[in-house]
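Visitor: Take these sequences, add in the hints, and give me the full structure.
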Amino acid sequence: MAELITSGHRPRNVDWQRAAALLYGDWGTSKAYVIGLAFAAAGFASMPIILAVCALTAIVGFNYAIVCRNFPDGGGVYSAAREQSRILAAIGALLLIANFLVTAALSGWAAMSYFGVPEQFIAPATMGAILLLGAVNYFGPKHSGSLAIGMAIPTAICVVVIVAISLPYLTTAHLTRPTGGFPQLWVQFVKVILALSGVEAIASMTGVMKVNPGSDPTQPNVSKTASKALLVVAIEVVLATGLLGWAMLSLPHSSNAVLLTHKEDMLRFLGEHFAGALAGPAVGSLFGWIVGLVFGVLLLSAVNTAIIAVIGVFYMMALDGEFPRPLTRLNRYGVPTVPLILGAGLPVLILAATQDFDALASLYAIGVVGAITVNLGSCSVNRRLHMHGWERVLMTLTAVVLAAVWLTIAYTIDHALFFAICVLGVGLSVRAYSHKVVGLKTVTVSAAAAEMVSPEALEKLRPRCAEGQKVMVAARGVTPVLAFALEYAALKKATLCVLYVKEVAVFMGGPPGSRTRPKWQDDPKAAKIMSLCLKVGEEMGVPVLPVYAVSAEPAATILDSAATLGVDYLMLGATHRLSMTRLLKGDVIQEVARGLPEDIQLLIHG
Amino acid sequence: MGPSLDVNRPRNVDWKRAAALLYGDWGTSKAYVIGAAFLTMGFSSMPVILAVCTLTGIVGCMYMIVCRYFPEGGGVYSAARLQSRLLASIGGLLLVADLTVTAALSGWSALTYFGVPPTYVQWATMGMIMIMGAINFYGPKHSGSLAVSLALPTVLTVLVIIGLSVPHLVPIRSLLNFQHVPSGQHGFSHHWVAFVNVILALSGVEAIANLTGVMRLDNCSTLDEPKVGRTAFKSISVVALEVVLGTAVLGWAMLSLPQTMKEELMRRWEDMLRVLAEYYGSETFGPVFGHWFGVVVGIVVGLLLLSAVNTAINALIGVMFMMSADGEMPPPLTRLNTHGVPLYPLIIAVALPIAVLVLTDNFESLMHLYAIGVVGAIAVNLGSCTSNLKLPLKAYERLVMGLTFLVLFAVEITLAKTKPEALFFVVCILGVGLAFRAYSHKISGLKTLTVTEEVAEVVSPSSFEKLRPKLVEGQRIMVAARGVTPVLRFALDEANLRKATLCVLYVKEVAVFIGAAQRPSGRARWQDDSHACAIMSLMLKLGEETGIDVLPAYAVSTDPAATILDLAATLGVDYLMLGAQHRFSMAKLLKGNVVEKVAAGLPEDIQLIIHG
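Chains as they are written, first to last, in numbering that gives the first Met the number 0: chain A, 0 to 605; chain B, 0 to 611.
Some hints could be false.
[What the hints assert, rightly or not] Below, a list of computed lysine-lysine pairs in the BS3-like style, where the Cα atoms sit at most 30 Å apart:
| no. | chain 1 | residue 1 | chain 2 | residue 2 |
| --- | --- | --- | --- | --- |
| 1 | B | Lys15 | A | Lys435 |
| 2 | B | Lys446 | A | Lys518 |
| 3 | A | Lys440 | B | Lys446 |
| 4 | A | Lys435 | B | Lys446 |
| 5 | B | Lys15 | B | Lys226 |
Don't read these hints as lab results, they were simulated from the structure.
Guide: Rendered as C-alpha cells:
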C-alpha cells in the first residue's frame, strides 16, 4: 500500500503587472506621508533629505530584485534569515509584524486625514475602519485584496496630474541649505525613512509569481517578473516622491505654517493648491477632493494589505512551529481566526496607546528597517546564494547603512526601541511556549551531529512514488463520488489518487510549504477521508495514493496536481453551495472545468 | 587512549569569607542608594528606601534558595542554561552590562568620596580603572582580598554613623508620607517610577551565586552530592541584614537632617554617607571631629568602592571566560597570560567601563544605565529557576520566587520604558554579544538546531557521556607535571618497578576570581590544551611502550596546590611526585610556591617525592 503524500504546488499566477500593482498598493502610499514628514523635520531645507530617502529606496529596491532572484519560493525576511538560524528568522518576522501593525495604524490615520475627517475623530474613525476591514477579512482576502490592484492606476494618474500641474511653478528659489552638521542631517534623514516596507511584501510573493519563460519547474526562476515589478514601482516611487517634494518646496516661505498643518495630507493640499493656481479655486477644491478620495482609498487598501500580511506572517510562523498550533486553525472561509483577531486588534491597541500621527510615524521605521536589515544581512553572508561579487558588496553595504539607520532610530526616537523590544519579547516568549507545547527543543551541537539529524538526511529515507495509470478524485468530504471513484479505479485497474485540498485563504506567507510539508495526518477532515479510502482500497485491491495540498486557490491546485501527476481521469463531486459562499469564492468545479487540459477526462459525479 | 578524570575545585571559601566578598559589592550600595533616593523624592523618600530594602531582602532570600540548588555555581548563566543556551547567553550578557556599569559607577562614587573635584572625577575614574586593569594583569589573588579586609572597617563606620545619628532621629511615622513630593507627581505610577529609579542595590547577589562552586560544603554532605545551603544561607543572611537595616537606618538618618540642608543634600547626594558622618560627627563632638570623621568615612567607603570596581572587573573577566569556555564567545577569549589571567577578557573588562564613562559624563546617567542589566539578569535567573520543574523547590518557594520574578520583570519593563538610554545600552551589549556568539558558534563548528525532544535526546552530550568508559580502581602513583621535565621519566621508572598505575596530573592555573566554576557544557579536556596535550600524549605513548597504565588527569584551578592535594587524597594515591623548579621571585611573591604548599598540606599516609 502506497502511503505517500504529495504536496501540491501553489499556482504561479501572479504576473509582473499584478505583482507591481500589489506592491504599489503599499509602496506607492508612502509618498502620501513621506514628503509631509520631511517638511515637518527640516522645513524648506528638506530637499536633500527627500532625495536621500529616494536614493535609499532605489538601492533597497535593487537589492530586493537580487533577493527575489535567489528565493523563487518566497524571499521575505523569514525565509532568507531561516537559512542562517531559526531564531534570527523569528526575530526578522517579528520586526516585520511590528512594521505591519504600525503600517495598518499609520495608513488608516493618513487615509482618514485624506478623507478630511476632523482631527479629533481621526483616532476613533481609524480604529473603526481597521475593525471593519478585519470583519471583511473574516470572509477571506480574495476580493478585498484586489482593492489595491484596482486603485493603482487612478493613484498613478493622480500623481502624474499633480506633478504636471505643478511643473510651471517648480523653482529652486525657495530651497534653503540644511543647517547643522552631518549628525543633525542624518537624524532628520532617519526620521523620514518611511517608504520601504513594500519591498518585503513583494519578496514574500515570489512563490506565486509567474516563472521566467523556459525556466525549469523544479528550479523555478522568477527574476524577470520580480525585477520588472520592482523596477516599475521603484521608478514611480522615487521619481514621484522627488518631484512632489520639489513641488512642495516650490511654495513660498510664507506657506510654512499651512504646509505644517497639512503634513498628514500633503498630496491633497498640493493638488488643491496647484490646480487652484492653474484653473481657479473651484477646480482646485474639486481636484483636492478627488486626490483625497483616491489616496484615502489607496491608503485604506494599504491598511487591508497590512492586516492580511500580519495574518500571513502569523500563520506561516505557526505552521513552522514557531507559534502555537491554534494560530493555524481556519474558519470556514479558510482564514486563520486567531491571526485575524491579532491582525485587526493589535493596530487598534497601538492607536489607543499613541493617539497621534507623529507618534505612530516614530514607531514605524524601527520594524521595517530592522526586518530589511536582517533580510539583506542574512543574504549577504549566505554563501549558497548565487550573487556576483559586486552585488554581495552592495548588499553588505546596504545592510550596514540600514543597521546604522536602525541604531539611530533606536537611540533618537522615543519609545521606538521599547515598542520593538516589546513585540520581540512577547513574540519570542510565545515562540518558546509553542516549542514546549509541540515538543520541540533547541540544541547546540557539533556540525557533524547536526548533519545526522537534518531534514535532508531523513528525506533521503522516504520512499518514492511509483508511476502508473491514475484516476484522481478531488474529495471535499466522505461523499458518493469517493465510492464511485474506487469502483471505477478497480474496474480500470488504476491507481486512485485521492486529492484533498485544504483551502487556506491567507494571501501571503506560502513559503514554509516548501520546507515543512503539510501532512494529511495532521488534518482531521483529510485524515478521515484518506484513512477510509486507504482501508476500502486495500479491501478492493485498489492502490490508493493520498494527495494532500494546502492552497488559497483550490481550483488551480486541482488543475496543477492533475497535470503534474499526469492523471487520466479527474473526478469531482458536484455539491450544493450557499449562494453567499458562491458569490465570495466562485465555484471550484466551474473553474476546474474551464482550465483542465484536453487530454485529461473530467468526470463530475453528482 | 586512557580515561581521564574530573577534578573538583578546592572548596575553601567559608561563610565568613563569602560574606566579606559579597559585602564588597552589596555593602557599597548604601553609598549611593540613599543619595539617589533623596535626589528622586527629597524628604519624602523614606517609603521608597524601605521598599528598596524590602525588595533587596526578598531577592536575598531567593538567592539563598538558588544557592541551595546550584552548589556548583548558581549565577544566571548556570541557572538559565538548564532552560536554554540562548537564554543563558542573554542572562550572561545582561550581567556583563551590569558589571560594566558597576565598575564605572563604583569608581566614580569612590573618587567622589575621596573628595576629587567634580570636573576631574570622570577622567580620574578612567585612569583608576586602567590601573586596576594593569594590577589584574598579574592575577586577582591579592587585589581580590581588598574587599575582604575592608568589610570590617566599613561595617564599623556604618555603625558609628548610625550611633551618632540615633539621638537626632525624628519619629519614623513622620517620614512615611509623600508630603514633600511636588503636586502632579503623586499617584502609584509616579511612586513606582521613583522606586524603580532607586533600585541600585542588587548586583551583589549574583556574585555570591557564582561563588557556590568554591564554598565549603555543609556538614554531612559529600563531594559527589555537594550541598552549600547553610554556608550560602549564613553569608547571605548576615550581609542582607546589614544592607537592609544599614540602608534603612542611614536613610532615616538622612531624612532626619534639617530641611534647611536640602540644597546641600541635593548637591552632595553622590557622597551622602560622608555628609551624614560630617553632620552627625559635628553635632556630637564638634566641627573638627565632624570634619575628620568625614575624611575617615570618605577613605573607608571610597576604598571599599574601589574594591567593588576591582570585583566588577574580575567578575567581567570571569563571565566572559566562562562563556567562551562554553563555546558562547570566541575561543581566543580563553587564552591566558603567564599569570593565568585571560588576556582579552581583561582588556574588554577595562575598555567597556571606560567606553561607558566616555559616553556618559555624569553620575546620574551612569545610574540610569545600572539597574537594567542587574535586574534583567536576576529576573532571568529567578524566572529560569521558577519554571525549572526539575529543581525540587517547595511549592511556597516556587510561588514566592515566581512573584519576585514578576515584580522584577515589571521593574525591568519600567526601566526600559522610562530610561531609553538604558534600553539602548543594554540592546547594544546584547546585539554585540549575540553577534559574537553566532560567530563563535560558526568557527567552533557548532550548530543550533530546533528538533523534536526525541532527536534532541539522541544528539545530547549526555548520551555520548554514557558511552564513556568508567575509571578502574588500582594502586597509583601520581605525578604532577608542569612541563616535559625529568620527574616524568622518574615517575615512569617508579611505576614500572612497582607495577603501579601512573596518574599524570596537569593543573592548568586559571586566575579568574569569580565564575570559573562553571563549565556547564562538560568537563575540561586535556586534548583542548596544547601544553597538556603534549605531556599527556608523550606519557601515554611511553606508558604503552613500557606496559604501564597511564591515567591522564586534567584540572583547571585557581589554586593548583589545593587541587593537587584534593585529587591526591580523593584518588588515594600511594606516592605523589613533584618536580622542584626555579621560579622567578616576582611570580613567587604573587603566587606562592606550589611545592611548598603541597608539602605543607599533604596527608601523612601519602608519600611525597620531590624530584629535582
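Visitor: Would the pair lysine 435 (chain A) and lysine 446 (chain B) pass a check requiring their Cα atoms to be no farther apart than 30 Å?
Guide: Distance of about 20 Å is within 30 Å: holds.
Visitor: Is lysine 15 (chain B) close enough to lysine 435 (chain A), meaning Cα to Cα at most 30 Å?
Guide: It is violated: about 42 Å lies between the C-alpha atoms, which goes past 30 Å.
Visitor: Given the hint that lysine 446 (chain B) pairs with lysine 518 (chain A), does the C-alpha gap stay at or below 30 Å?
Guide: Holds. Lysine 446 (chain B) to lysine 518 (chain A) sits at ~27 Å (cutoff 30 Å).
Visitor: Take the C-alpha atoms of lysine 15 (chain B) and lysine 226 (chain B), compute the straight-line distance between them, and say whether it is at most 30 Å.
Guide: 17 Å, holds
Visitor: Does the alpha-carbon distance linking lysine 440 (chain A) and lysine 446 (chain B) stay inside the 30 Å limit?
Guide: Distance of about 13 Å is within 30 Å: holds.
The structure fails to meet hint 1 from the earlier list, while all remaining hints are met.
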